[in-house]
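Student: Each protein sequence line maps, in turn, to chains D and V. Using this note's numbering, the final residue of the first sequence is 277, and nothing's skipped along the way. Using this note's numbering, the final residue of the second sequence is 410, and nothing's skipped along the way.
Be a bit skeptical, because a hint or two may be false.
Said to hold, decoys possible - In silico lysine-lysine, BS3-like type, Cα no more than 30 Å apart, as pairs:
id, chain 1, residue 1, chain 2, residue 2
1, D, LYS105, V, LYS349
2, D, LYS147, D, LYS160
3, D, LYS143, V, LYS307
4, D, LYS166, D, LYS147
5, D, LYS250, V, LYS307
6, D, LYS193, V, LYS349
7, D, LYS173, D, LYS105
8, D, LYS160, V, LYS205
9, V, LYS307, D, LYS129
To be verified - Here chain V is said to cover these stretches of chain D; the calculated rule only asks that three of the stretch's residues, wherever they fall, bring their Cβ under 8 Å from a Cβ of chain V:
id, stretch
10, 38 to 50
11, 124 to 136
12, 165 to 179
Treat the hints as calculated values from the structure; they're not laboratory data. Source: prediction; values computed, not measured. Quick reminder that beta carbons are idealized off the backbone N, C-alpha and C, glycines included.
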Amino acid sequence: MSAEPIIRTPIIRMEGVSKFFGDLKALDNVSLEVFPGQRVVIIGPSGSGKSTLLRAINRLETVNQGTVVVDGFDIRSKHTDINAVRMELGMVFQSFNLFPHKTVLQNLTMAPTRLKKVPKAEAEERAMALLAKVDIQEKAQVYPAKLSGGQRQRVAIARALAMNPKIMLFDEPTSALDPEMIGEVLDVMVNLAREGMTMVVVTHEMGFAREVADLMVFMDEGKIIETGTPDEFFNHAKHPRLQKFLDQIL
Amino acid sequence: MSDTIVKIQVTDGTVTDFKDKNLLNAWRLSFLGAILCMAYLVFFHPDPYMRVLKFIPDGLWVTFKVTFMSITGALILGLVTGLGRISRNRFINLVASTYVEVVRGIPLLVQLFYIYYALGRFLRVPDLLSAVIAMSVCYGAYMGEVFRAGIESIDKGQTEAARSLGFNRAQTMFLVILPQAWRTILPPVGNEFIALLKDTSLVSILAVSDVLRRGREFASETFFYFETYTLIALIYLVITLLLSRVVSLMEERLSHYER
Ligand SMILES: Nc1ncnc2c1ncn2[C@@H]1O[C@H](COP(=O)(O)OP(=O)(O)O)[C@@H](O)[C@H]1O
Ligand SMILES: [Mg+2]
Numbered sequence: 028m029s030a031e032p033i034i035r036t037p038i039i040r041m042e043g044v045s046k047f048f049g050d051l052k053a054l055d056n057v058s059l060e061v062f063p064g065q066r067v068v069i070i071g072p073s074g075s076g077k078s079t080l081l082r083a084i085n086r087l088e089t090v091n092q093g094t095v096v097v098d099g100f101d102i103r104s105k106h107t108d109i110n111a112v113r114m115e116l117g118m119v120f121q122s123f124n125l126f127p128h129k130t131v132l133q134n135l136t137m138a139p140t141r142l143k144k145v146p147k148a149e150a151e152e153r154a155m156a157l158l159a160k161v162d163i164q165e166k167a168q169v170y171p172a173k174l175s176g177g178q179r180q181r182v183a184i185a186r187a188l189a190m191n192p193k194i195m196l197f198d199e200p201t202s203a204l205d206p207e208m209i210g211e212v213l214d215v216m217v218n219l220a221r222e223g224m225t226m227v228v229v230t231h232e233m234g235f236a237r238e239v240a241d242l243m244v245f246m247d248e249g250k251i252i253e254t255g256t257p258d259e260f261f262n263h264a265k266h267p268r269l270q271k272f273l274d275q276i277l
Numbered sequence: 152m153s154d155t156i157v158k159i160q161v162t163d164g165t166v167t168d169f170k171d172k173n174l175l176n177a178w179r180l181s182f183l184g185a186i187l188c189m190a191y192l193v194f195f196h197p198d199p200y201m202r203v204l205k206f207i208p209d210g211l212w213v214t215f216k217v218t219f220m221s222i223t224g225a226l227i228l229g230l231v232t233g234l235g236r237i238s239r240n241r242f243i244n245l246v247a248s249t250y251v252e253v254v255r256g257i258p259l260l261v262q263l264f265y266i267y268y269a270l271g272r273f274l275r276v277p278d279l280l281s282a283v284i285a286m287s288v289c290y291g292a293y294m295g296e297v298f299r300a301g302i303e304s305i306d307k308g309q310t311e312a313a314r315s316l317g318f319n320r321a322q323t324m325f326l327v328i329l330p331q332a333w334r335t336i337l338p339p340v341g342n343e344f345i346a347l348l349k350d351t352s353l354v355s356i357l358a359v360s361d362v363l364r365r366g367r368e369f370a371s372e373t374f375f376y377f378e379t380y381t382l383i384a385l386i387y388l389v390i391t392l393l394l395s396r397v398v399s400l401m402e403e404r405l406s407h408y409e410r
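Same shape as in the complex, but just chain D (with noise of 0.2 Å):
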């Protein structure tokens, strides 16, 4: 939890975010915002588009109506380079998405040579550092598949952070992992909260939740229902819809 002043300026901000697939209304309205250094937990139930919301931040999906401004880009505009809001934002999913023909090295390398140029031998060198943060530097030569899910996610969320991104958005990054590895990936994303980092994440972990979230989000039907701090959330809940949710899930 961070005690230091936020800058009050978003970083993220969403008005009247609507997304529609067909007639199904998978965003409805939906404003929000973040600010540097802020910590956001999305929770829900399946369907409720938790991830539709995450994805509209990058425009991994395009949105049908409101605005979305990251980092002072519209992302909507046509004259916005979306390339480069991206690089700006780093995205951490639910199955890994490592690049199975590289190895881990060249995994966290690619980006930023190809993206930023980054000289190879640098980007090496932090890719080692980065490595060494989530604690895996002695498989940098190895392929993905050789790796455990825990291993793949820890890599993935390195991958990331190799751009040096603003912001992370994680979408369920330990819904896909067996059990006795999600602490070692939950280890890393709250030492990246303690570091300062923007980070906007759906999860069902409450209790990476009560401990790094400045803000809770709870969305159901495309639309959020309620926000508030952990503590509101988990001891003085208001919204019967999130009551239930949080009865199931606890």
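Using the hints provided, position chain V with the ligands relative to the given structure of chain D.
Tutor: This is chain V with the ligands only, laid out in the frame that chain D set:
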């Protein structure tokens, strides 16, 4: 991560399975048999076999050239067509699909004649180049389907990961998708290479002096029809077997990582 490897089979090329470590596998038997037959004929019946053998190398070189250039052309056309077939732009998609549909509906020999005479007559394109273009156009359509299936076999999470790092569409395709798709693409494309090599014999009907045409020239002057075609069959067999070996070596080299 998907564990399923999509297998695509098109036309009649066959790549031998070299994982068979037996001394007497089909490939070795055919290859050595063909070589021994040729050696026997040439040494023990130099007339006319040695004469045929001396007459043919020019044609062999032409067959190589047509094969190599057509494979290159078909690969490029195949890649472009495959990308066109998965394009979200409906016009591009329609063009690519129509190309595949049309080419599939016309026999190769008819296409060869048509493109060859059309290009030669109206654009004065040289013989060999016309033949190469015709072969490329035909095989490009088949390879387009193989490329499309190969690209579609890659999990869409790969595209999302690449795009979310900041790679644009082209970088994503060439750095992330195609290097992985190539594994699925190579076996059926290798079959196409071999089928193409054999089908280059069709260009002998045009004014292109490949192996078969050189043989026909020799036979019609000397009347050694049987002997000439025996040798020609053996020559095709040997180069086809060699190419299938090259293809399977390439496949082995691509298996350096697991999915
Ligand atoms: N590509 C898609 N096509 C059609 N429907 C989709 C697509 N992606 C998500 N949906 C639907 O949108 C709703 C919200 O999905 P999602 O954001 O993935 O929910 P969550 O992440 O909260 O489980 C769900 O009903 C889901 O089925
Ligand atoms: Mg989801």
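Student: All hints are to be evaluated individually against the structure, with a verdict given for each.
Tutor: Here's how the hints hold up against the structure:
1. D:LYS105 - V:LYS349: violated (51 Å)
2. D:LYS147 - D:LYS160: Given that 30 Å is the threshold and the Cα spacing comes to 20 Å, the pair holds.
3. D:LYS143 - V:LYS307: holds (24 Å)
4. D:LYS166 - D:LYS147: Given that 30 Å is the threshold and the Cα spacing comes to 19 Å, the pair holds.
5. D:LYS250 - V:LYS307: Roughly 27 Å between the alpha carbons, so the hint for D:LYS250 and V:LYS307 holds.
6. D:LYS193 - V:LYS349: It is violated: about 57 Å lies between the C-alpha atoms, which goes past 30 Å.
7. D:LYS173 - D:LYS105: Measuring from Cα to Cα gives roughly 41 Å; hence the hint is violated.
8. D:LYS160 - V:LYS205: Violated: D:LYS160 and V:LYS205 sit about 69 Å apart, past 30 Å.
9. V:LYS307 - D:LYS129: holds (17 Å)
10. 38 to 50: violated (count 0)
11. 124 to 136: It holds, with 5 qualifying residues against the three required.
12. 165 to 179: The restraint on the stretch 165 to 179 of chain D holds, since 3 of its residues have a Cβ under 8 Å from chain V and three suffice.
Checked against the numbered hints given earlier, the structure breaks hints 1, 6, 7, 8 and 10 and satisfies all the rest.
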